[in-house]
Amino acid sequence: MMELDGIQKRLLEEIADLHGLPDGAYNIRSNSESAGRRSTANVEITPKEEGSGLDIRIKPGTKRESVHIPVVMTKSGLKETVYNDFYIGEDADVVIIAGCGIDNCGMADSEHDGIHRFYVGKNAKVKYVEKHYGSGDGAGKRILNPVTEVYQEEGSTVEMEMAQIKGVDDTERTTTAELAAGAKLVVRERLMTHGCQRALSTYVVNLNGAGSSADVVSRSVARDDSYQRFDAKVIGNAPCSGHTECDSIIMDRGRILAVPGLEANDVDAALVHEAAIGKIAGEQLIKLMTLGLTEQEAEEQIINGFLM
Amino acid sequence: MALCANRERYDMLTLRNISFDVHDGAEGREIIRDVSLAIPDGRLVVVTGPNGGGKSTLARLIMGIEKPTSGTIELNGEDITALSVTERARRGIGFAFQQPVRFKGLRVLDLLRLAAGRDISPADACEYLAAVGLCARDYIQREVNASLSGGELKRVEIATVLARGTALSVFDEPEAGIDLWSFQNLIEVFEGMRRNIHDSSIMIISHQERILNIADEIVVLKDGQVDRQGPKDEILPELIGTPAAVAGCRKTAREVRA
Ligand SMILES: Nc1ncnc2c1ncn2[C@@H]1O[C@H](COP(=O)(O)OP(=O)(O)O)[C@@H](O)[C@H]1O
Ligand SMILES: [Mg+2]
Numbered sequence: 001m002m003e004l005d006g007i008q009k010r011l012l013e014e015i016a017d018l019h020g021l022p023d024g025a026y027n028i029r030s031n032s033e034s035a036g037r038r039s040t041a042n043v044e045i046t047p048k049e050e051g052s053g054l055d056i057r058i059k060p061g062t063k064r065e066s067v068h069i070p071v072v073m074t075k076s077g078l079k080e081t082v083y084n085d086f087y088i089g090e091d092a093d094v095v096i097i098a099g100c101g102i103d104n105c106g107m108a109d110s111e112h113d114g115i116h117r118f119y120v121g122k123n124a125k126v127k128y129v130e131k132h133y134g135s136g137d138g139a140g141k142r143i144l145n146p147v148t149e150v151y152q153e154e155g156s157t158v159e160m161e162m163a164q165i166k167g168v169d170d171t172e173r174t175t176t177a178e179l180a181a182g183a184k185l186v187v188r189e190r191l192m193t194h195g196c197q198r199a200l201s202t203y204v205v206n207l208n209g210a211g212s213s214a215d216v217v218s219r220s221v222a223r224d225d226s227y228q229r230f231d232a233k234v235i236g237n238a239p240c241s242g243h244t245e246c247d248s249i250i251m252d253r254g255r256i257l258a259v260p261g262l263e264a265n266d267v268d269a270a271l272v273h274e275a276a277i278g279k280i281a282g283e284q285l286i287k288l289m290t291l292g293l294t295e296q297e298a299e300e301q302i303i304n305g306f307l308m
Numbered sequence: 001m002a003l004c005a006n007r008e009r010y011d012m013l014t015l016r017n018i019s020f021d022v023h024d025g026a027e028g029r030e031i032i033r034d035v036s037l038a039i040p041d042g043r044l045v046v047v048t049g050p051n052g053g054g055k056s057t058l059a060r061l062i063m064g065i066e067k068p069t070s071g072t073i074e075l076n077g078e079d080i081t082a083l084s085v086t087e088r089a090r091r092g093i094g095f096a097f098q099q100p101v102r103f104k105g106l107r108v109l110d111l112l113r114l115a116a117g118r119d120i121s122p123a124d125a126c127e128y129l130a131a132v133g134l135c136a137r138d139y140i141q142r143e144v145n146a147s148l149s150g151g152e153l154k155r156v157e158i159a160t161v162l163a164r165g166t167a168l169s170v171f172d173e174p175e176a177g178i179d180l181w182s183f184q185n186l187i188e189v190f191e192g193m194r195r196n197i198h199d200s201s202i203m204i205i206s207h208q209e210r211i212l213n214i215a216d217e218i219v220v221l222k223d224g225q226v227d228r229q230g231p232k233d234e235i236l237p238e239l240i241g242t243p244a245a246v247a248g249c250r251k252t253a254r255e256v257r258a
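So the sequence lines, in the order shown, correspond to chains A and B.
Going by the working numbering, the residue at position 304 of the first sequence is 304; the numbering climbs one at a time, nothing skipped.
Going by the working numbering, the residue at position 202 of the second sequence is 202; the numbering climbs one at a time, nothing skipped.
Just so you know, the hints here were simulated from the structure itself, not pulled from any lab data.
In silico BS3-like links for lysine-lysine, alpha-carbon gap of 27 Å or less:
1) A/Lys-279 - B/Lys-67
2) A/Lys-127 - B/Lys-104
3) A/Lys-233 - B/Lys-104
4) B/Lys-104 - A/Lys-279
5) B/Lys-104 - A/Lys-184
6) A/Lys-166 - B/Lys-104
As the structure is a computational prediction, the values presented were derived from the model and not from experiment.
Please construct the entire structure, taking both the sequences and the accompanying hints into account.
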């Protein structure tokens, strides 16, 4: 077990609300090495060869267990690609908390590319929470390019909460999902970009089985000179229902491109896309100012609420 | 301060020769025309008059959302004409909008806490909501978004002003969009405020006879000007039985009689 320094501990708090070691199974990855790992009777975590990632196997029927797999990077100039594969047994009901925090005070770019694959068994339920966070005032960039692949068997449910609120300079997020009959996918993405940051988020969801459903909702704020692209494609290949929504606030010189994509290959596929982009409504600011808030305080409240 | 030594009594709010112009293309239009008005301490003043007469604009001028083209506004003797909305709010002006705005992500409880200026308990928040006829437990965690009906939103808006407990509370057509049952409740809220008015003042913009009836004074605003003003007992009989009080878009009593 490796000792974590103050910055690493702070990053862990930011991304996983961890103030010590988590309950249940976990693996803490710090500067490309494992800083601690624990398997439990139902959750087995084994490293892949050469430290390139983990295999996480959750036994069928496992209930109310959690798996923490946070990643922290504090060395400037590190670049890594990590493959984590999750095998979630039938009827399991688990929470998986991932997340990556990068502190870069140096001149070189730091980059973590996490490739997560989820094989979700029949009727299993997974809640996946992922927070990305960057800090440090070095000129080197903090770069995160997560790839998430989800394969859902019949009747399974996957709920994903993904948040990137601060400090990540460049991100290219790709999420793909394949859903069998009766499977359900719910995604809640929260994104805020500042400065010259850039964030691209792409979803491709295939609804392959009858009665499958997907609900992908992104709320985002682009400030300063930042740029975001939200590209969500839902493909209905069976009687199914799909909904995507991009709701964004732009400020300063921020720019956002929302690309709706719906493809129905079955007459009983019901697909909806909604997108709204705009600045904070003046009436909202004025209402909060009539309660005694300054314009900046009003802005902050509106954005915090929006990204909750 | 020299003014205090004089022990001069100031009205809560004094409007002096307020005018407000807007520009529709090349043409200018005067929406408020040389209005002078005082709202004394401890009084409930109801402003009524035809739609488009300038009532909401006058309320927005008082709150500082619009700035007058000319004239001055005083709060307790202090000239607040140049002050921002925030500064006026902090000096004790509260305002319930005719058409309240919605917020994605802000809950009713969040809004009431911002209004109260402190971290009020859910129980306190419930009291403000109960006063406007909303069953608090259901509402406190609701988002102030499109899921609230117009009437619900309107009641939450009124509750935010109650939560502020301001020296001067301005309500712009509080009855609009509120069902009959809740209207009874609303009247009771205003009667309660009227009883406990002490050093505060209330201005309600309304067309409702029952609200006019609890006024100390009534002001009729028409074409951007004060058409009439005076004690309720004097003005209300002139308005009652005429279409003016009920349907503001029609003619005022004076025109009807003329
Ligand atoms: N900012 C503005 N620009 C142009 N016209 C306005 C503006 N604000 C109000 N008006 C006009 O001024 C008149 C008075 O409006 P308002 O104050 O809303 O009246 P009331 O509340 O008495 O119905 C209306 O004709 C309205 O269209
Ligand atoms: Mg009006």
